[in-house]
Every structure is written in structure tokens, then in C-alpha cells.
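The primary structure of each chain is shown beneath.
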Amino acid sequence: MFNVEDIRKDFPILSRQVNGKPLVYFDNAATSQTPQQVIDVIVDYYSNYNANIHRGVHALSQEATDKYEQARHIIQKHFNARFAHEIIFTSGTTHSINLVANGFSSILNKGDEIIVSALEHHSNIVPWQMLCERTGAILKVIPMNQEGELIMSEYDKLISNNTKLVFVNHISNALGTINPIEYIIEKAHQVGAAVLIDGAQACPHLKPDVQALDVDFYVASAHKMCGPTGEGMLYGKEAWLKKLPPYQGGGEMIAEVTFEKTTYAELPHKFEAGTPNICGGIAFGAAIDYMNAIGFDAISKYEHELLEYATQKLLEIEGLKIYGTSKNKTSVISFNLKGIHPYDVGTILDKMGIAVRTGHHCAQPIMDYYKIPGTVRASFAFYNTKTEIDSLVAAVKKARLMLS
Amino acid sequence: MSINDIQNEIIDEFSMFEDWEERYQYMIDLGKDLPLIEDQFKTDSNIIKGCQSKVWVHAELKDDKIFFTADSDAIITKGIIAILIRVFSNQRPKDIIESNTDFIEKIGLKEHLSPTRANGLVSMIKQLKMYAIAYQTQLN
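Just so you know, the sequences run in chain order A and B. In terms of this note's numbering, the first sequence opens at residue 9 and continues consecutively. In terms of this note's numbering, the second sequence opens at residue 3 and continues consecutively.
The hints are simulated quantities; they were obtained by calculation from the structure and are not laboratory data. One thing to keep in mind: the hints can contain errors.
What the hints assert, rightly or not - Below 27 Å or equal to it, Euclidean Cα-Cα: the simulated DSS-like pairs (lysine-lysine) are: (1) B/Lys131 with B/Lys112; (2) B/Lys112 with A/Lys405; (3) B/Lys128 with B/Lys34; (4) A/Lys379 with B/Lys44; (5) A/Lys250 with A/Lys215; (6) B/Lys44 with B/Lys131; (7) B/Lys108 with B/Lys128; (8) B/Lys56 with A/Lys405; (9) B/Lys112 with A/Lys406; (10) A/Lys29 with B/Lys108; (11) A/Lys346 with B/Lys56; (12) A/Lys379 with B/Lys56; (13) A/Lys29 with B/Lys112; (14) B/Lys56 with A/Lys329; (15) B/Lys108 with B/Lys34; (16) B/Lys56 with B/Lys131; (17) B/Lys56 with A/Lys406; (18) A/Lys195 with A/Lys118; (19) B/Lys108 with A/Lys406; (20) A/Lys346 with B/Lys44; (21) A/Lys309 with A/Lys85; (22) B/Lys34 with A/Lys346; (23) A/Lys215 with A/Lys335; (24) A/Lys406 with B/Lys34; (25) B/Lys34 with B/Lys56; (26) B/Lys34 with A/Lys329; (27) B/Lys112 with B/Lys128; (28) B/Lys34 with A/Lys405; (29) B/Lys34 with A/Lys379.
To be verified - Covered by chain A, according to a simulated footprint, are these stretches of chain B (three or more residues, beta-carbon under 8 Å): (30) 20-27; (31) 67-77.
This one's a predicted model, so the numbers in the text were calculated from it and none came from an experiment. A virtual CB, placed ideally from N, CA and C, is assigned to each residue, including glycine.
Modelling step: build the complete structure from the supplied sequences, incorporating the hints.
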């Protein structure tokens, strides 16, 4: 049974104060908070079995290796990958995307086309622009509409036999729109293009099935789903991961080294050069276990309730406009008050203990589309409450009074 | 008035405020009141980078003193600018270079000094001092 008050007890940070007020944490799309269960795993690692993995013969190294590989299996099971070696540990979504972009630089030719969406985070634009500069490939963009949805009829026109890669986020970080990735993947496969889905914003809310999606690459960050920062994963279909060259050279990723030639290790180690974030990987697994124990159905149902409640309450405020009004969205509300800069609103909210994000959310093209400098973004997680939303609404009203 | 005297005056004024609300309301009012810059100087080359809100700064040397004008699209940032201009405008370049900015902490705006703050108060002060250094070189 989903009980938010019980869940909140798992998160020590939620009981702290900010500027003399109880913390209201609505910046979950930037990073989620960490439950005691995950903190305990981190403490346990450093207290009891901290060691380098995959090479020591001693007991600690074995133990750490076992836990690390167990975490890989937890992630494999969670995303329903066929093989554990299709899960590559990375430092996060950005690292995962760069790994794939770099791999494709040896595959793409001049005139090949890459399609991205207008809703992308900078981390899913810049690596592809760099890739295009290196290879002479051309970047095309799926446009969006006023509701903050990608226009699929335009996507249909962009896709052709020249398309080699399609990159779209599962859910927009700035607006919360859930993109029709099933359709996008199917269309891309019809012309033989590979698809990478950025799941950073989706994984805190739903459970993707990479086999059912038939996606080629899927990436996620641990810190957005109750895990630690500096940890993430890349799922890649085995065939693709075998095809892509290694990203970084170093220890762990080799089979044999002589000065004449090095042969690379098998998957997944080929892409995991150097000592990884061992504790981070183990804690990532623990975070996924924690979220699954609550259940993603219960999480998304509850978060949807929060979204509807907050949308209704915020829209009662005069002059408040919400950006991103798709029917298909997660618990993210991007808004502005008429005639008031989002930075000013964010500053006043902070003084009242409410953590939101202001600015362009690393998605400047979306802000350019709406011709605004940025928005105030409140993003809710399963441990937030309607009472907290009431505090947000009261604080926005107060900010409006002070600033207009 | 010297930079130090003005800073002390501002510290006195802020000491009368009882809480953050009064402090911020005062800055917002400062921001609302002032027409800070002529439109011809609101150019891209006068924008300070690294701010979440846009900040324009223009400087002119008259009678060996620097006169700053500035503006922002965010009102709290504008209030902060108004305070900075009151302190640093109409001063000799040398005095600006040698001045410190401890008063910001003393008037309870320390949080705006962190490099993570998106309003760019740190970049703003740096920019004002850069102008002072440039004009000082000219005067030498």
C-alpha cells in the first residue's frame, strides 16, 4: 500500500529546514533525493568491503566485484535487457551519450543524417553537433508545437534512407512531455537507422522495457532515480556494442597489451576503462531495488495525482502560464508569471524554503521557441505531498505580490 | 563620499530591516525605480555573460571618475545593480580597484556571492573592476 508519510521517513533530507522554513523540494527533475536504504549501502561499501574490482584475488576484491556485478544484473532485469553485458556502467547520461556519439564517428560518412528533437537537453544536442563536425553528417531537428509535443508528421518527412541515427529523449526535462518513442523507433528502423533514447527524465517515473521498445541504445542516470551522482548506465543491443569501437583506453578494457597491439576485452568491459565508480554502481542497484519495492505503477499513479492537483491550483493564480501542456506528461510544471522574470520568482521561493529550478533548463531551443528567457520549473517526486504543493502555491502568490 | 562611507551608509539602512522580506522588498523597489541605462548601450557587447538574467553594464570616464550605468531584465538583479552603482559610480578608478565588497555580506545578501548563483553578482563586480583597471591604465 502506497503511503507517502511512511515513504518520507526513508528520506532524511526531507526533514531539514531551509532559510528557517521546512524544505519543500521540487527540483526532482534536476536530481532526486536519496533514501536511507541507499545511503546505508554506500556506508556499508566504504565501511566493509571497499576494494578494487575484477582483478584482486583477495576476499574484499571478490566481494566488491560480486556486488558490482549483482548491480549490473539488477539493472539488466529492471530494463529487461537480454544480456547483463548489454548494460555498461557510465558516469551518467551525458557520458553514455558521448560514448555512443564517439563510437559513431567511425561509422558515419559525409551526407549521412542524424535526427534529434526540438525538445532535447543540451547534452543530447552538443555531442551530435560535434559528431556532425567530425564526420560531415547533417543534423536535422523534429519540430515541436505550442503544447510542447513533437510533430510526428514532420518527423515522417525528415526520415529517409540517409538517416543513420535518431536521438530523442523519452521525456522532456524542461516541459515533462512524454514523447511517442515507440513510433519514433519503429519509423527509424524501417529505414535501417539506429535509435538512442535518453531516459534520464523517464526512469524516475516509469519502467522502460528495452526489448519491447526494440530500442538500440537507452541511457539513464542513477541520481535522478534515488541513486548517487556520478553514476549511470548505457544499454546497447549486443550487436551494436560489438560494432562500436571503445571510447576510452586504459585498464579494465583490455584483453592483452603489447607495444605492437592491444586486443580489447569482451563486453561490457570494453567500454569500462579504468577503475569505475564501484560504490556508485552498487548503490544504483540498491536505488532501483528501492523504487521497485514501492512499485512504478503506484509511483506514476501518485505523481499524476500531484501533477493534476498542482496544475489546477497554479492555474488559479492570475497571470500564471504553464509551458508544456501535453496530455502525455510527467510531474513537471514549467511556468512563468506575466511580466515577471523567472529568476526573480525562484529567488523569492528559495527564501521561503522552496527549491525549484529557474532558467533555460539546459534546453535553450525550447525557450527560444516560446520566446522567453526561461521558466520556473517545479518537478514532483513520489515523496512530495499536496501540502507541499499548497506551500508552493502560497509562495508563488506572495512572489507575485512582491514583484509586480 | 568615499566608497567606504557609502558602504557604511547602506549597511546602516539595511540594519533597519527585520527580515528577508523587507530586505528583498527594498531591493525590488530600488529595481523598479531606476532607469539605469540608455537604450543605445543595451547592446549584446555590453551583456555580462554567465547570468541567468540579462545584465548590461556601460562605463564612462568623466573628470577622472567612472560613471556606471546598467540594467537587467530581472528586478531583483536590477536592485542589486542599483546598490552596486551607488557604491562604485562617480568614483576614481584607483579607489574602485582598491575597494572591497564585504558590505554585501553585511547587508544579508551573501547568498548572491556564491559562484553558483545565477544572477552573476560576482561577474558584475568583476566587470566593474575590469573597467576601473582599464581606465586606470588610460590615466597612467
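task: Taking the numbered hints from earlier one at a time, note which ones the structure violates and give those numbers from smallest to largest.
output: No numbers; nothing is violated.
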